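K.L.:
One line per chain: the protein sequences are A and B, in this order. Residues 1 to 268 (this note's numbering) are what the first sequence spells out, left to right. Residues 1 to 248 (this note's numbering) are what the second sequence spells out, left to right.
Note that these hints are calculated values from the structure, not bench results. Fair warning: this is a prediction, and the values are worked out from it, not measured in the lab. Watch out, some of these pointers could steer you wrong.
[Said to hold, decoys possible] Sample of chain B residues with no beta-carbon within 10 Å of chain A, all distances over it, derived:
#  : residue
1  : GLU6
2  : GLN60
3  : GLY61
4  : THR81
5  : VAL85
6  : PHE105
7  : PRO142
8  : ALA144
9  : VAL163
10 : VAL181
11 : ILE193
12 : CYS229
[Said to hold, decoys possible] Straight-line alpha carbon distances no greater than 25 Å define the calculated DSS-like cross-link-like pairs of lysine-lysine that follow:
#  : chain 1 : residue 1 : chain 2 : residue 2
13 : A       : LYS138    : A       : LYS128
14 : A       : LYS249    : A       : LYS263
15 : B       : LYS185    : A       : LYS170
16 : A       : LYS266    : A       : LYS193
17 : A       : LYS193    : A       : LYS248
18 : B       : LYS203    : A       : LYS152
19 : B       : LYS203    : A       : LYS138
20 : A       : LYS157    : B       : LYS185
21 : A       : LYS67     : A       : LYS102
22 : A       : LYS152    : A       : LYS130
23 : A       : LYS228    : A       : LYS68
24 : A       : LYS235    : A       : LYS266
25 : A       : LYS193    : A       : LYS68
26 : B       : LYS203    : B       : LYS185
27 : A       : LYS239    : A       : LYS253
28 : B       : LYS203    : A       : LYS170
29 : A       : LYS102    : B       : LYS185
30 : A       : LYS68     : A       : LYS239
For every residue, glycine included, the Cβ atom is placed at its ideal position computed from N, Cα and C.
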Amino acid sequence: MRRTLLALTVLAAAALPGAAAADVIDKIKERGTLVVGVKTDYKPFGFRNPSGAIIGIEPDMAAEVAKKLGVKLELVSVVSANRMEFLRQGKIDLMIATMSDKPERRKVVQVVEPLYYSDAVNVLLSDKVKVTKWEQLKGAKLCGTTGAFYNKDVAAKYGAEIVSFDGSEKPLIALKQGNCIGYLYDQTFIAGKLLDDDWKKGYHMPLEGIMETPWAIAVAPGEDRLAKLMSDLTKEWMKAGYIVALEKKWGVKPTEYSVRMHKEYKGS
Amino acid sequence: MEAFYEWFRWLYEATGINLTIFYDAFDRNRMISGFWMTVRLCLLCIFFSIVIGVVGAWLQGSQLKWTRRAVHGFIALFRDTPPLVQIYFFYFGLGALLPRVDNAFGIPEPILTNVQWAVISLSLFAGAFNVEIFRSGIEAVPKATVEAAEALGYSRLRAYIHVVLPLAVRICLPALNNNIVNLVKTTTLAYAIAVPEMLYVTKQIWSDATNVPEMMVFLLLAYVFLVGCVVWVMARIERWLKVPGIGL
Chain A
1 MRRTLLALTV
11 LAAAALPGAA
21 AADVIDKIKE
31 RGTLVVGVKT
41 DYKPFGFRNP
51 SGAIIGIEPD
61 MAAEVAKKLG
71 VKLELVSVVS
81 ANRMEFLRQG
91 KIDLMIATMS
101 DKPERRKVVQ
111 VVEPLYYSDA
121 VNVLLSDKVK
131 VTKWEQLKGA
141 KLCGTTGAFY
151 NKDVAAKYGA
161 EIVSFDGSEK
171 PLIALKQGNC
181 IGYLYDQTFI
191 AGKLLDDDWK
201 KGYHMPLEGI
211 METPWAIAVA
221 PGEDRLAKLM
231 SDLTKEWMKA
241 GYIVALEKKW
251 GVKPTEYSVR
261 MHKEYKGS
Chain B
1 MEAFYEWFRW
11 LYEATGINLT
21 IFYDAFDRNR
31 MISGFWMTVR
41 LCLLCIFFSI
51 VIGVVGAWLQ
61 GSQLKWTRRA
71 VHGFIALFRD
81 TPPLVQIYFF
91 YFGLGALLPR
101 VDNAFGIPEP
111 ILTNVQWAVI
121 SLSLFAGAFN
131 VEIFRSGIEA
141 VPKATVEAAE
151 ALGYSRLRAY
161 IHVVLPLAVR
171 ICLPALNNNI
181 VNLVKTTTLA
191 YAIAVPEMLY
201 VTKQIWSDAT
211 NVPEMMVFLL
221 LAYVFLVGCV
231 VWVMARIERW
241 LKVPGIGL
């Protein structure tokens, strides 16, 4: 028994410094490539062009990081269900994948601060609906997705009637058919939809986003050097207005958050 | 009343059993309106499905070949397809072809709402079964009785209304009760097209308050109560229509 314990202690002692010594930045430099997990189904944040290459706002940011480190870039497609696992397993070095910052996620991965982006709740409206304030939607029928955390709040606060369906396809069909006047959903999703030919004409997003929830870039737990590097880089981006520029480049109306952060860091 | 509601807040804090439908006014109001929506759906669908059943069964006994074939086609279509598929077909499929009227925002809106589509499609679904149920009753009426009515100078329609149907209804009541109970339970499918009935409201509440087990149990009990009421009323009707001596 005593021997086993001793052996275990020795093993643990051997393993711990080993993990700390092989810093992910050293590994990236040795390998010559930075592996970043991005989304491929979230236009314009990460999607595939007709030839299959992954492009978008987040791949552009990843390319900046690789340039900074002086290595080549490799993009790996992730989805919400596997992105944190990939990071923990070392399949990816860095994750920039539209992840909302939530306390339970901070327990699993290391979040880079300041938070690089923020998403709000908004409503995709028909061009014929001329409103400037959320209060004007009182009594109006809005399509929604069942399970979205803001449905109740919007109904209770602004008096809109939420007609919600499973998934995001059915509410969009219902909106096209005139069963509701708008679709209440993530602002970035709506901004992406407005780039589609199907929705470009006849629809708009005239209201200001509400109920902002920030997005986080993440590294594997314990990778303090990379986290620090990303943190500094994010501050640099905010100062230079890089995120606002990216939004413009990919046809998204700059969000209140990115404009505000740009102003804040430019001043400092 | 306030104390009663507050007791449920205390229950949540003390035991973790979260029944927001009692202590949260917003959730309470939407559950109450969901309950009435379910009751309304049930009553409307029961009424229309029985009308469809009675008329369909009469047309089925028609002398005209094409009328009979049309009724058969209707039964085949609505009895042999899943009710959820029918609801989607009506709302998303047929709904797109309807004429539209402009609403207050100037947006062309289909003239039928999701509630109306739910009533139409569920009535047709249950009605298709009712046609067959009434037919079974009609066929059980002795031929001699019908001939006697004809000998007394009744036309086919008159004989159907005054002689055949009253007897047939008594014969097919147990089967009809079954179908009505099924119909009450099928109204939950209307949630798929966002009709704010009880299942829809329950789903909204549990996705906001994450109290899935509590709401599941509540919903189950609510339907036991609702179907219990329906069964009780149908049993009363059955007793009231009883004709002593002829075994019906």
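K.L.:
Would you check the hint for LYS249/A and LYS263/A, treating anything up to 25 Å between C-alpha atoms as holding?
P.N.:
Holds: LYS249/A and LYS263/A sit about 19 Å apart, inside 25 Å.
K.L.:
Sort out whether LYS102/A lies within 25 Å of LYS67/A, counting only the CA atoms.
P.N.:
Violated, at roughly 29 Å.
K.L.:
Does LYS239/A sit within 25 Å of LYS68/A, going by the straight-line distance between their CA atoms?
P.N.:
Roughly 16 Å between the alpha carbons, so the hint for LYS68/A and LYS239/A holds.
K.L.:
According to the definition I'm using, a residue is off the interface if its beta carbon is farther than 10 Å from all beta carbons of the partner; does CYS229/B meet that for chain A?
P.N.:
CYS229/B clear of chain A: closest Cβ-Cβ about 29 Å, beyond 10 Å.
K.L.:
Decide if the proposed pair is consistent with the structure: LYS193/A and LYS248/A, CA atoms, cutoff 25 Å inclusive.
P.N.:
It holds: about 16 Å lies between the C-alpha atoms, which stays within 25 Å.
K.L.:
Within a Cα-Cα threshold of 25 Å, do LYS235/A and LYS266/A meet the stated pairing?
P.N.:
holds (10 Å)
K.L.:
Is it true that the CA of LYS266/A sits at most 25 Å from the CA of LYS193/A?
P.N.:
violated (31 Å)
K.L.:
Just double-check VAL163/B for me: nearest Cβ-Cβ distance to chain A has to come out over 10 Å.
P.N.:
holds (47 Å)
K.L.:
Confirm or reject: GLU6/B is not an interface residue toward chain A, with every Cβ-Cβ distance exceeding 10 Å.
P.N.:
About 20 Å separates GLU6/B from the closest Cβ of chain A, which puts it past 10 Å; holds.
K.L.:
Would you mind confirming whether the straight-line C-alpha gap from LYS239/A to LYS253/A stays at or under 25 Å?
P.N.:
holds (19 Å)
K.L.:
Hint check: LYS157/A vs LYS185/B, CA-CA at most 25 Å. Holds or violated?
P.N.:
Violated, at roughly 33 Å.
K.L.:
For the pair supplied as a hint, LYS102/A and LYS185/B, is the alpha-carbon distance within the 25 Å limit?
P.N.:
violated (39 Å)
Going through the hint list in order, the structure does not satisfy hints 6, 11, 16, 20, 21, 25 and 29.
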